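Q: Protein chains in written order, with the working numbering: chain A, 3 to 115; chain B, 2 to 116.
Think of the hints as simulated: they come from the structure by calculation, not from any bench. This structure is a prediction, so every number in the text was calculated from the model and none was measured. Errors might be hidden in some of the hints.
[As the list claims (entries may be wrong)] Sample of chain B residues facing chain A (criterion: CB under 10 Å; computed from the structure):
{"#": "1", "residue": "ARG35"}
{"#": "2", "residue": "TYR37"}
{"#": "3", "residue": "GLN39"}
{"#": "4", "residue": "GLY44"}
{"#": "5", "residue": "VAL46"}
{"#": "6", "residue": "SER47"}
{"#": "7", "residue": "ILE50"}
{"#": "8", "residue": "ILE105"}
{"#": "9", "residue": "PHE106"}
{"#": "10", "residue": "GLY107"}
{"#": "11", "residue": "GLN108"}
{"#": "12", "residue": "GLY109"}
We put the beta carbon where it would ideally sit given N, CA and C, even for glycine.
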Amino acid sequence: KAGVTQTPRYLIKTRGQQVTLSCSPISGHRSVSWYQQTPGQGLQFLFEYFSETQRNKGNFPGRFSGRQFSNSRSEMNVSTLELGDSALYLCASSRDRGRHEQYFGPGTRLTVT
Amino acid sequence: KNQVEQSPQSLIILEGKNCTLQCNYTVSPFSNLRWYKQDTGRGPVSLTIMTFSENTKSNGRYTATLDADTKQSSLHITASQLSDSASYICVVSAQGSGNTGKLIFGQGTTLQVKP
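All chains should be modelled from the sequences, with the hints used to inform the complete structure.
A: Structure below.
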């Protein structure tokens, strides 16, 4: 069974640009969550999608957005990039909501210059 | 304020030795507590999930304990191996918030196992 895949794995953008990251969950998983990980802040929850609907959102500005498609694949978008957006962006999928095991992808390393 | 604090921040041990990582939380209402292992450059991998009623849970050489009264958890690693070198993250979920609605992350403990 294939794991969670994220594309691209590495990305370099300049300030002011926008970026779209993609996440394909494990087959059969319907919940997808996104996280930002930085050395200073650690792992921080961005948002959770289930059945194409955003179910929960972390404390991030509106520049961060996402969506989920009918096949459970998800994308997140960051507009007007800032230097502080440089981070590892992780996607995690689980079969359902609730106390289900989460499986993380390898992440996308975004560098903003 | 909901918080998860881990200690120590970093740890170096010799291969074959045991170690214990600590996690204290102030999350309320509590739903579950998870320990993750994250290798450098990779996504976290779940080690254990414990609810309020579970005191101990093992996963191979990893044993997690939970004391819901004192709001403390520990992760004990037995007979450490070089492959245990990683960051260990404690994550607490608040009740009634679905899978991830109120996940509070600790800063992690970086473990280095030396030969």
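Q: Does each hint hold? Answer for all of them.
A: Each hint, compared with the structure:
The restraint placing B:ARG35 at the interface with chain A holds, with a minimum CB-CB distance near 8 Å, inside the 10 Å limit. Residue-level restraint check for B:TYR37 holds (minimum Cβ-Cβ distance to chain A is 8 Å; threshold 10 Å). Given the 10 Å rule on beta carbons, the hint for B:GLN39 holds: about 8 Å separates it from the nearest Cβ of chain A. Interface restraint check: B:GLY44 against chain A, minimum CB-CB distance 3 Å, threshold 10 Å, status holds.
With a least beta-carbon distance of about 7 Å to chain A, the hint placing B:VAL46 at the interface is held under the 10 Å criterion. Among the interface hints, the one on B:SER47 holds; its C-beta lies about 6 Å from the nearest C-beta in chain A, closer than the 10 Å criterion. For B:ILE50, the interface hint holds, the least distance from its beta-carbon to any beta-carbon of chain A being 7 Å, beneath 10 Å. For B:ILE105, the interface hint holds, since its Cβ comes within 10 Å of a Cβ in chain A; the closest pair sits about 9 Å apart.
Among the interface hints, the one on B:PHE106 holds; its C-beta lies about 4 Å from the nearest C-beta in chain A, closer than the 10 Å criterion. For B:GLY107, the interface hint holds, since its Cβ comes within 10 Å of a Cβ in chain A; the closest pair sits about 7 Å apart. Look at B:GLN108: its Cβ gets to within about 5 Å of chain A, closer than 10 Å, so that hint holds up. This hint holds: B:GLY109 has a C-beta 6 Å from the nearest C-beta of chain A, less than the 10 Å allowed.
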